[in-house]
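Undergrad: Now for the letters of each chain:
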Amino acid sequence: MTCLSIEQIYLYIEKELPSAKNREIQKHLADCPKCQKAVEERKLLIEAAESLPAWETPLGFTQQVMARIFQARVSPLSWLGAVVSGFASMILAVVLFALVTGQNFSDLLRGSYYTLLNAIKNLSPLLAKILKLAPLLLKILQQFGEFLVKGLTLLTSLISPQVQIIIITVVIVIIASSIYGLRRKLFIGEKA
Amino acid sequence: MNEDKNLVEKTLQGEQKAFEMIIQKYQQPLLNYIGRMVGERELALDFTQEVFIRTYSSLRSYKPQFKFSTWLYRIASNFIIDYWRKKKIDTFSLDHQKKMDRDLPPIQVPADEESLVTKFETSQLRGRIERALDRIPSSLREVFVWRHINELSYEEIAEIKGLPTGTIKNRVFQAKELIRNLLEETP
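One line per chain: the protein sequences are Y and F, in this order. Position 185 of the first sequence, counted from 1, bears residue number 185 in the working numbering, the numbering being contiguous throughout. Position 13 of the second sequence, counted from 1, bears residue number 13 in the working numbering, the numbering being contiguous throughout.
Quick caveat, the hints were computed from the structure, so don't treat them as lab data. Among these hints, one or two may not hold up.
What the hints assert, rightly or not - Anything over 12 angstroms on all C-beta distances counts as not near chain F; from chain Y, calculated:
1) Ile6
2) Ile9
3) Leu11
4) Lys37
5) Glu50
6) Thr115
7) Gly151
8) Ile179
To be verified - Listed next, the in silico DSSO-like pairs over lysine-lysine satisfying Cα-Cα at most 30 angstroms (straight line):
9) F:Lys5 / F:Lys169
10) Y:Lys21 / Y:Lys43
11) F:Lys5 / F:Lys161
12) Y:Lys15 / Y:Lys37
13) F:Lys63 / F:Lys119
14) F:Lys87 / F:Lys17
15) Y:Lys37 / F:Lys86
16) F:Lys169 / Y:Lys34
17) F:Lys87 / F:Lys5
18) Y:Lys43 / F:Lys63
19) Y:Lys15 / F:Lys17
20) F:Lys86 / F:Lys119
21) Y:Lys43 / F:Lys119
22) F:Lys67 / Y:Lys37
23) Y:Lys27 / F:Lys67
24) Y:Lys150 / F:Lys5
25) F:Lys25 / F:Lys63
26) F:Lys25 / F:Lys5
27) F:Lys67 / Y:Lys15
28) Y:Lys121 / Y:Lys150
29) Y:Lys27 / F:Lys119
30) Y:Lys43 / Y:Lys15
31) Y:Lys34 / F:Lys119
32) F:Lys86 / F:Lys17
33) F:Lys119 / F:Lys5
34) Y:Lys21 / F:Lys161
35) Y:Lys27 / Y:Lys37
36) F:Lys67 / Y:Lys150
37) Y:Lys15 / F:Lys25
38) F:Lys25 / F:Lys169
39) Y:Lys15 / F:Lys87
40) Y:Lys121 / Y:Lys132
Treat the numbers as computed from the prediction; the structure is a model and nothing was measured. Cβ atoms here follow ideal geometry from the backbone N, Cα and C, with glycine treated the same way.
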């Protein structure tokens, strides 16, 4: 047998050769110091490579990955929680507002009640017309609702719950302030 | 092997704990592979997380006739290639690699071959191998890491890369010879 090729040496060390070929190589190695040296050299290289220190993952790595995977997957109605929290914060804000400014909170509520009543009175002819178109409107509303739910679900998967609460609270406070401000303006106008 | 398939099935049925077990089992080998490919610990940890996230997202496309570990390593390999492409880091073109595969002759041991490995102590040798690894082409480094650090079989590596086993054997031994030749040059 001629001297070994380098590929044969590696395959021999890794026991990747058929047993007949293996025996042939062993026989050759017994008589060939040059190939013996070459095998020894590469055996050491592989042993050193296979004993390289492992890269260790830090403590809590699994939990970090799990949190990243499952935090991004919120339930489709998770935005409801954010809405409830938003309303709760708004109520708190109104109470604090009343406490700080000293304004009568019951007057504020009574004012809102009259505004709503007036609105119903003014809008009743329109409501009657709307009733006639109810089936069509319901269909449109249903589609709009589905679109809204899909949109909010997508948003909640992108924005963290804390940020969602802040956004919803700010929106509710802006709407509430606008209604309150508009009502005050109308009230002053009536007085004048 | 069946254990992995059971864990995948349970994860798909909604058992989060099953995927947690997959992460625990593969985080270390995956980090060892990714770490040696990118060379930076923080980046490697981040990439390992991303690979698990990608794996979870595409779990429904996993075909049980293949080994889960080879599928996972394929995701990791593609992730690293994408990263290098985006960073415009040379990943050795396919043509270049094909040429390397073709050009490699069945090298014979030269009569006066110098001893490059035996002159170093084991700890010294390990350090030099680590540094030499950084200097060999990524396509060779990848198969070397899978074979000698992750201890995958040639058949598994061939399945990951979608290449013939002979080509993989060829690349692994090219990698070893390159590393051996770089040992002296590497401080």
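Undergrad: Each hint should be assessed against the structure and marked as holding or not.
TA: Hint check:
The claim that isoleucine 6 (chain Y) lies off the interface is violated: its Cβ sits roughly 5 angstroms from the closest Cβ of chain F, which falls inside the 12 angstroms cut-off. Some Cβ of chain F comes within 12 angstroms of the Cβ of isoleucine 9 (chain Y); the nearest lies about 7 angstroms off, and the non-interface call is violated. For leucine 11 (chain Y), the requirement that its beta carbon stay farther than 12 angstroms from each beta carbon of chain F is not met, with the minimum near 7 angstroms. Under the 12 angstroms C-beta cut-off, the non-interface status given to lysine 37 (chain Y) relative to chain F is violated; the minimum distance is some 7 angstroms.
Interface exclusion of glutamate 50 (chain Y) from chain F breaks down, the closest Cβ pair being 5 angstroms apart, not more than 12 angstroms. Consistency note on threonine 115 (chain Y): stated as away from chain F, and its beta-carbon is indeed over 12 angstroms from all of that chain's, at 49 angstroms minimum. At roughly 22 angstroms, the least C-beta separation between glycine 151 (chain Y) and chain F is larger than 12 angstroms, which holds for a residue marked as non-interface. Distance check on isoleucine 179 (chain Y): its Cβ is at least 44 angstroms (rounded) from any Cβ of chain F, clearing the 12 angstroms threshold; non-interface status holds.
Between the alpha carbons of lysine 5 (chain F) and lysine 169 (chain F) the distance comes to roughly 28 angstroms, so the proposed pair stays at or under 30 angstroms and holds. Our distance criterion of 30 angstroms between C-alpha atoms is met by lysine 21 (chain Y) and lysine 43 (chain Y), whose separation comes to about 18 angstroms. As the CA atoms of lysine 5 (chain F) and lysine 161 (chain F) are separated by approximately 21 angstroms, the hinted pair is consistent with the 30 angstroms bound. For the proposed pair lysine 15 (chain Y) and lysine 37 (chain Y), the alpha carbon gap of about 18 angstroms is at most 30 angstroms, so the pair holds.
Annotation: proposed proximity of lysine 63 (chain F) to lysine 119 (chain F) is violated, straight-line Cα distance about 48 angstroms (limit 30 angstroms). Taking the CA atoms of lysine 87 (chain F) and lysine 17 (chain F), the gap is about 35 angstroms. The hint is violated against a cut of 30 angstroms. For the proposed pair lysine 37 (chain Y) and lysine 86 (chain F), the alpha carbon gap of about 45 angstroms is over 30 angstroms, so the pair is violated. For the hint pairing lysine 169 (chain F) with lysine 34 (chain Y), the CA-to-CA distance comes to about 24 angstroms; that is within 30 angstroms, so the pair holds.
Restraint check for lysine 87 (chain F) and lysine 5 (chain F): not satisfied, since their Cα atoms lie roughly 35 angstroms apart, outside the 30 angstroms limit. The hinted pair formed by lysine 43 (chain Y) and lysine 63 (chain F) fails the criterion: a straight-line CA distance of about 37 angstroms is larger than 30 angstroms. Restraint check: the Cα-Cα separation between lysine 15 (chain Y) and lysine 17 (chain F) comes to about 39 angstroms, which exceeds 30 angstroms; the hinted pair is violated. Distance hint between lysine 86 (chain F) and lysine 119 (chain F) is unfulfilled; the C-alpha atoms sit about 41 angstroms from each other, more than 30 angstroms.
Distance check on the hinted pair: lysine 43 (chain Y) and lysine 119 (chain F) sit about 14 angstroms apart at the alpha-carbon level, within 30 angstroms; holds. For the given pair, lysine 67 (chain F) sits about 38 angstroms from lysine 37 (chain Y) by alpha-carbon distance, which is inconsistent with the 30 angstroms threshold. With a C-alpha separation of about 38 angstroms, the suggested pairing of lysine 27 (chain Y) with lysine 67 (chain F) is violated against the 30 angstroms cut-off. Using a Cα cut-off of 30 angstroms, the hinted pair lysine 150 (chain Y) and lysine 5 (chain F) is violated, with the two alpha carbons roughly 33 angstroms apart.
Restraint check for lysine 25 (chain F) and lysine 63 (chain F): the C-alpha separation of about 20 angstroms stays at or below 30 angstroms, so the hint holds. Between lysine 25 (chain F) and lysine 5 (chain F) the CA atoms are separated by roughly 13 angstroms; this keeps the pair inside 30 angstroms, and the hint holds. Distance check on the hinted pair: lysine 67 (chain F) and lysine 15 (chain Y) sit about 23 angstroms apart at the alpha-carbon level, within 30 angstroms; holds. For the hint linking lysine 121 (chain Y) to lysine 150 (chain Y), the alpha-carbon distance of about 35 angstroms lies beyond 30 angstroms, and the restraint is violated.
Restraint check for lysine 27 (chain Y) and lysine 119 (chain F): the C-alpha separation of about 27 angstroms stays at or below 30 angstroms, so the hint holds. Under the criterion of a C-alpha separation no larger than 30 angstroms, the hint pairing lysine 43 (chain Y) with lysine 15 (chain Y) is consistent with the structure, at around 12 angstroms. The straight-line distance between the Cα atoms of lysine 34 (chain Y) and lysine 119 (chain F) is roughly 17 angstroms, inside the 30 angstroms bound, and the hint therefore holds. The straight-line distance between the Cα atoms of lysine 86 (chain F) and lysine 17 (chain F) is roughly 34 angstroms, outside the 30 angstroms bound, and the hint therefore fails.
Between lysine 119 (chain F) and lysine 5 (chain F), the direct Cα distance comes to roughly 46 angstroms. Violation of the 30 angstroms bound is thereby established for this hinted pair. A C-alpha spacing of about 28 angstroms is found between lysine 21 (chain Y) and lysine 161 (chain F), which places the hinted pair at or below 30 angstroms, so the restraint holds. Among the hinted pairs, lysine 27 (chain Y) with lysine 37 (chain Y) is consistent with the structure: their alpha-carbon atoms are about 15 angstroms apart, no more than 30 angstroms. Proposed proximity of lysine 67 (chain F) and lysine 150 (chain Y) is contradicted: the alpha carbons are some 37 angstroms apart, above 30 angstroms.
As the CA atoms of lysine 15 (chain Y) and lysine 25 (chain F) are separated by approximately 28 angstroms, the hinted pair is consistent with the 30 angstroms bound. Under the criterion of a C-alpha separation no larger than 30 angstroms, the hint pairing lysine 25 (chain F) with lysine 169 (chain F) is consistent with the structure, at around 27 angstroms. Restraint check: the Cα-Cα separation between lysine 15 (chain Y) and lysine 87 (chain F) comes to about 40 angstroms, which exceeds 30 angstroms; the hinted pair is violated. With a CA separation close to 18 angstroms, the supplied pair lysine 121 (chain Y) and lysine 132 (chain Y) stays within the 30 angstroms bound.
Of the numbered hints given earlier, the model fails hints 1, 2, 3, 4, 5, 13, 14, 15, 17, 18, 19, 20, 22, 23, 24, 28, 32, 33, 36, 39; all others are met.
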